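Asker: Take a look at the letters that make up each chain.
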Amino acid sequence: MKVAVIQFPGSNCDQDAAWALKWVGLEAELIWHTATHLEGFAAVVLPGGFSYGDYLRAGALAKFSPVMAEVRRLAERGNPVIGICNGFQVLTEAGLLPGALLANTNLHFTCKEVGLRVERNDTPFTQAYRPGELLRLPIAHGEGRYYADPEVLEGLEERRQVVFRYAALTPAASADYNPNGSLNDIAGIVNARGNVLGLMPHPERAVEAALGTTDGLGVFESLKAALEVVA
Amino acid sequence: MKYQATILIELKPGILDPQGRAVEGVLQGLGYRAQNVRVGRVLEMELESPSEAEAHRQATEMAKTLANPVMEVYTVEALKERA
Amino acid sequence: MKYQATILIELKPGILDPQGRAVEGVLQGLGYRAQNVRVGRVLEMELESPSEAEAHRQATEMAKTLANPVMEVYTVEALKERA
Amino acid sequence: MEETLNPLLQETGIPPQEYAEIVRRMGREPNRLELYLFKVMWSEHCAYKNSRPLLKLLPKEGPAVLQGPGENAGVVEIGEGWAVAFKIESHNHPSAVEPVQGAATGVGGIIRDIMAMGARPIALLNSLRFGDPQTPRTQYLERGIVSGIAHYGNAIGIPTVGGEVYFHPDYQENPLVNAMCVGLLRSDELKRSLASLGRPVYYAGAKTGRDGIGGAAFASEELTEDNEAKRPNVQVGDPFLGKLLLEGTLEAIRQDLVEGVQDMGAAGLTSSLSEMAHKSGLGIELDLDRVPQREAGMTPLELMLSESQERMVLVPRPGKEAALEALFARYGLDCVAVGHTLPQAVFRIVAGGQTVAEVPTQALAEAPTYVREGQEDPQVQALRQRDLSGLPLPGDLHRVLPRLLASPNLCSRAPVFERYDHQVGTNTVLVPGKGDAAIVRIKGTGRAIALKVDANPRYSKLAPRLGAMHALAEATRNVSVVGARPLAYTDGLNCGNPETPEGYFELSETVHGLVEASRELGVPCVSGNVSLYNEGPSYRIPPTAMVGVVGLLDNLERRAQMGFSKAGEFIVLIGESWGELGASEYLWVMEGQEAGAPPSLDLKREATAQAAIRELIAQGWTQTAHDVAEGGLAVALAEMCFPYGLGATVELRDLGRADALLYGEAPSRILFSVSQAHLQAAVGRLEGFGLPYRILGQVGGEELTLLLPKLRLSWSVSELRRAWATPLREVLP
Ligand SMILES: Nc1ncnc2c1ncn2[C@@H]1O[C@H](COP(=O)(O)OP(=O)(O)O)[C@@H](O)[C@H]1O
Ligand SMILES: [Mg+2]
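From first to last, the protein sequence lines are chains A, B, C and D. Take 1 as the starting number for the first sequence in full-length UniProt numbering and just add one per residue. Take 1 as the starting number for the second sequence in full-length UniProt numbering and just add one per residue. Take 1 as the starting number for the third sequence in full-length UniProt numbering and just add one per residue. Take 1 as the starting number for the fourth sequence in full-length UniProt numbering and just add one per residue.
Watch out, some of these pointers could steer you wrong.
Subject to a maximum C-alpha distance of 27 Å in a straight line, what follows is the list of computed BS3-like cross-link-like pairs (lysine-lysine) [as the list claims (entries may be wrong)]:
1. B:Lys-80 to C:Lys-12
2. D:Lys-566 to A:Lys-112
3. D:Lys-56 to D:Lys-566
4. C:Lys-80 to B:Lys-12
No lab work stands behind these hints: they were computed from the structure. For clarity, every value in this text was computed on a predicted model and none was experimentally measured.
Construct all of the structure, not just a fragment, from the sequences and the given hints.
Answerer: Encoded structure:
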């Protein structure tokens with residue numbers, strides 16, 4: 001039950017994602033982007049970072065990497081695929097998730113903790129959470145403003161594809177809890193089938209108490225549980 | 001033959017362009033009467049191609065590859081032979 | 001009258017363009033014969049101005065303000081009257 | 001003869017007496033290329049002509065030191081076979097010319113210094129100095145420099161875990177940008193800039209273009225109007241390529257493919273190769289035709305002076321050449337043999353099959369040094385000696401605290417550090433804003449390192465020697481209050497023109513201050529950087545010694561942060577409650593005066609106070625500690641209320657000027673909070689250390705209340721927080 005963590009040139013959260021996967025007892029292997037097969041991997045993580053320097057647009061050039069054909073194949077087969085931050089951007093650029101991630105409305109990279117609401121826990125990535133649970137997770141991105149055409153957005157909401165939404169952690173902080181101007185406060189979505197997740201916050205930075213919050217642990221524990229069911 | 005191609009990639013009209021707004025704010029602050037400022041990208045490149053038509057076809061294909069149809073539109077702006 | 005101005009801001013020739021290099025690498029990897037790819041910014045805006053000459057003057061001034069003279073050059077690319 | 005040479009001397013700006021020395025060392029007249037090699041290698045930036053004799057005085061030895069100054073970075077051992085390499089580097093002048101790229105390439109440059117030691121960079125810090133915060137120029141520089149640092153550090157994936165920002169009018173024309181990088185390595189994998197005989201010398205990374213031609217020489221010249229024309233082609237950083245080069249280089253080291261590593265920094269090929277040859281006691285022949293080039297038609301001179309970024313020099317182990325080339329090919333990077341070592345100690349440059357330059361390596365490497373006469377600037381002396389005893393007491397002491405908290409030098413730095421990824425790598429245990437120093441844990445051990453860079457330009461301007469001592473005292477104190485033992489430091493010396501008596505005085509005093517503090521605090525200097533000539537016709541920056549300290553936490557679980565987190569805990573102050581108004585932030589903000597002597601500093605007391613707080617933390621008695629720095633006791637208390645929005649009530653029984661009590665500054669003071677259960681034990685230890693202390697009050701409520709003999713001052717924490725949080729946000733939204 002190995003999980004492939006894809007390394008694009010410029011990925012920089014690859015080791016962190018592998019660390020978090022191992023933290024919950026999953027096996028993780030780093031896979032260079034030129035790989036042309038992912039046999040033997042039960043799930044894939046596209047990690048954060050600046051693939052191809054985020055040149056042109058965040059995630060735009062990584063979709064041409066050879067490994068993406070295999071990622072697509074696994075996604076279509078129903079294996080869990082998680083794109084974190086830059087990985088989310090790559091998934092939308094590659095068309096594996098709808099919509100796009102544009103420059104934050106404040107126009108700069110923002111690294112801080114945000115509040116997040118779990119919208120559903122019937123996905124392979126969120127079973128460990130309660131629906132409506134409030135999480136504290138770090139974000140670190142410059143292009144995280146979720147955008148989709150109105151019809152697409154409506155479809156997403158109808159099919160309950162929004163998994164995580166930015167939310168106020170305390171009533172007092174209610175004014176500016178959305179850190180980047182995402183439509184409908186969207187922080188993370190799944191595809192229609194529910195096996196491909198993209199999210200801007202970094203759950204892999206939140207699995208150990210020493211680092212401030214363990215609210216990201218649920219994502220990896222859920223994945224582990226989901227993979228065990230399959231196996 | 002060598003051609004010089006210019007591809008413009010811009011945000012679709014309806015999409016919020018915070019960078020354009022920021023630039024507009026600066027320009028208006030300086031007293032310029034600029035409105036609806038939009039910021040996009042321009043790519044310039046040299047292309048080896050047997051004919052202008054073929055160069056144009058290639059440039060258009062690349063523009064299509066590089067732009068994200070969810071929020072962007074592209075134009076293959078100019079195409080001229082290189083000395 | 002309303003004019004539509006397009007300003008191109010590009011890196012000076014000798015200056016390293018990491019973005020252009022990365023795009024070029026990907027395009028070549030996809031089999032395109034693109035070379036010397038350079039990535040710049042394009043600004044589109046509407047300008048209120050009594051004459052075309054004046055609009056051009058203004059656009060040029062703005063381009064000068066927005067470009068970084070240490071590393072960029074600008075062109076006021078197009079200027080056409082708006083309906 | 002004279003006529004043919006004069007134009008060259010004029011062109012290169014080499015003084016006639018140095019030219020004569022060059023001729024003497026060469027045994028002949030140099031050609032134009034050779035003369036330029038001397039120009040860059042004998043520049044202040046590369047050769048430390050004015051500072052080397054002074055820097056020799058700095059204590060460099062310590063039980064943890066594995067590598068002192070002289071290599072690309074200093075290295076200290078942290079136990080369990082691990083070591084950390086670190087160094088600070090300035091990029092002041094490039095940042096003044098092009099803030100975004102200047103700052104970005106500063107970060108890229110220091111990262112490669114750390115890589116060159118065989119270390120994986122794990123943390124970045126930066127120290128920034130700007131002029132008047134209200135002016136458009138300062139705001140332009142601030143936005144550009146912060147975004148340049150963010151651009152490079154975020155993209156290459158090294159967390160920026162700390163730093164500092166300070167505004168002072170004397171930096172108006174000349175901002176300072178110093179970047180520090182810390183890397184982790186196994187002690188036995190330490191690399192040096194060395195090559196053995198008969199080895200090919202490889203060039204890896206980006207191609208060479210006409211970037212920053214003349215940069216190193218430029219960095220050592222004053223910024224004057226007619227520099228405009230001489231302005232070098234701007235260097236542009238490519239963190240994407242930098243990341244590939246980083247991974248390629250570290251993998252080559254891990255696979256033991258290379259015997260020597262050297263980054264190409266200032267003065268590019270010239271300094272990296274000639275210095276490597278010199279340190280190895282050998283020569284190097286460089287074939288320029290083999291150098292990967294970005295532009296057609298580059299001349300030998302351009303190639304030798306180019307400061308293109310993201311390049312490294314690697315010397316493969318015998319038989320590993322092909323493996324090294326294959327490794328870099330995987331990353332899509334050039335990696336080619338451009339030369340080889342020679343038995344005779346010369347730097348030989350070949351182009352088109354012809355030798356175009358040949359210079360003894362020692363002649364290049366050992367530039368003449370100067371010891372000058374310094375003289376204090378009488379204006380500074382007058383300011384320091386100004387009598388402040390007649391200073392009026394402010395009518396409304398209540399107003400002062402929010403105003404001080406909103407001052408540019410004390411307000412929240414969140415708008416800056418939120419732009420930096422401070423967590424990538426998942427090791428940052430104490431993030432910016434939560435403690436006086438950053439804590440970065442070492443995965444796979446129970447250990448962590450603590451990092452902080454500090455300098456107080458106001459103290460240093462008014463009293464350069466004492467100011468430098470304060471800088472080291474405060475930086476080490478910041479590391480101690482999170483629970484870590486300071487191991488060593490790196491120093492970024494930023495001063496004015498050493499050829500003027502005032503400039504030399506300030507440089508010399510600064511170094512002597514560091515020497516003394518270093519010795520008394522038992523913390524050696526293992527690396528550093530010197531940036532001189534930070535002055536122009538109408539200004540001279542305050543001597544600014546940016547001190548970057550690395551400390552060790554043996555047990556990560558025993559650490560402290562700065563926010564009050566438990567209502568009911570007792571608040572204890574180590575040290576006296578009153579401070580001094582001379583050179584204080586209070587005096588500047590409330591009276592617009594920069595005058596008086598900085599507070600005196602007892603280094604023995606300082607060392608004891610630091611040892612004491614470390615012990616209290618190590619015992620597990622306190623998890624909350626903060627030093628009292630600029631803005632004094634009231635500001636320090638407010639800062640402790642902010643992280644968790646928890647208030648405090650404090651009683652200050654001392655008589656005397658209330659403003660000095662509340663806002664006066666003094667070193668060696670540390671606030672901590674402790675539960676009732678551990679209070680007796682904690683103060684008992686302080687008595688054991690012979691330290692003065694006071695139990696000031698208790699944590700709790702939503703207000704900060706200060707009770708003075710005849711006065712009760714109270715503010716809601718949220719109101720203070722607002723005053724503190726907004727000012728920088730307006731510039732960096
Ligand atoms: N330029 C910077 N880069 C990163 N972090 C910074 C920077 N400036 C300040 N910080 C962080 O902000 C916090 C407060 O900084 P500062 O007020 O300078 O602390 P101190 O008063 O202890 O010197 C610290 O965590 C510091 O590391
Ligand atoms: Mg401090």
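Asker: None of the hints should be skipped; say for each whether it holds.
Answerer: Checked hints:
At most 27 Å may separate the alpha-carbon atoms for a hinted pair to count; B:Lys-80 and C:Lys-12 meet this at roughly 20 Å. Proximity of D:Lys-566 to A:Lys-112 is assessed by CA-CA distance (about 23 Å); at most 27 Å being required, the pair is judged to hold. Taking the CA atoms of D:Lys-56 and D:Lys-566, the gap is near 48 Å; set against the 27 Å cutoff, the hint is violated. This hinted pair checks out: C:Lys-80 and B:Lys-12 have alpha carbons roughly 20 Å apart, not beyond 27 Å.
When the structure is compared with the earlier hints, a violation turns up for hint 3 alone.
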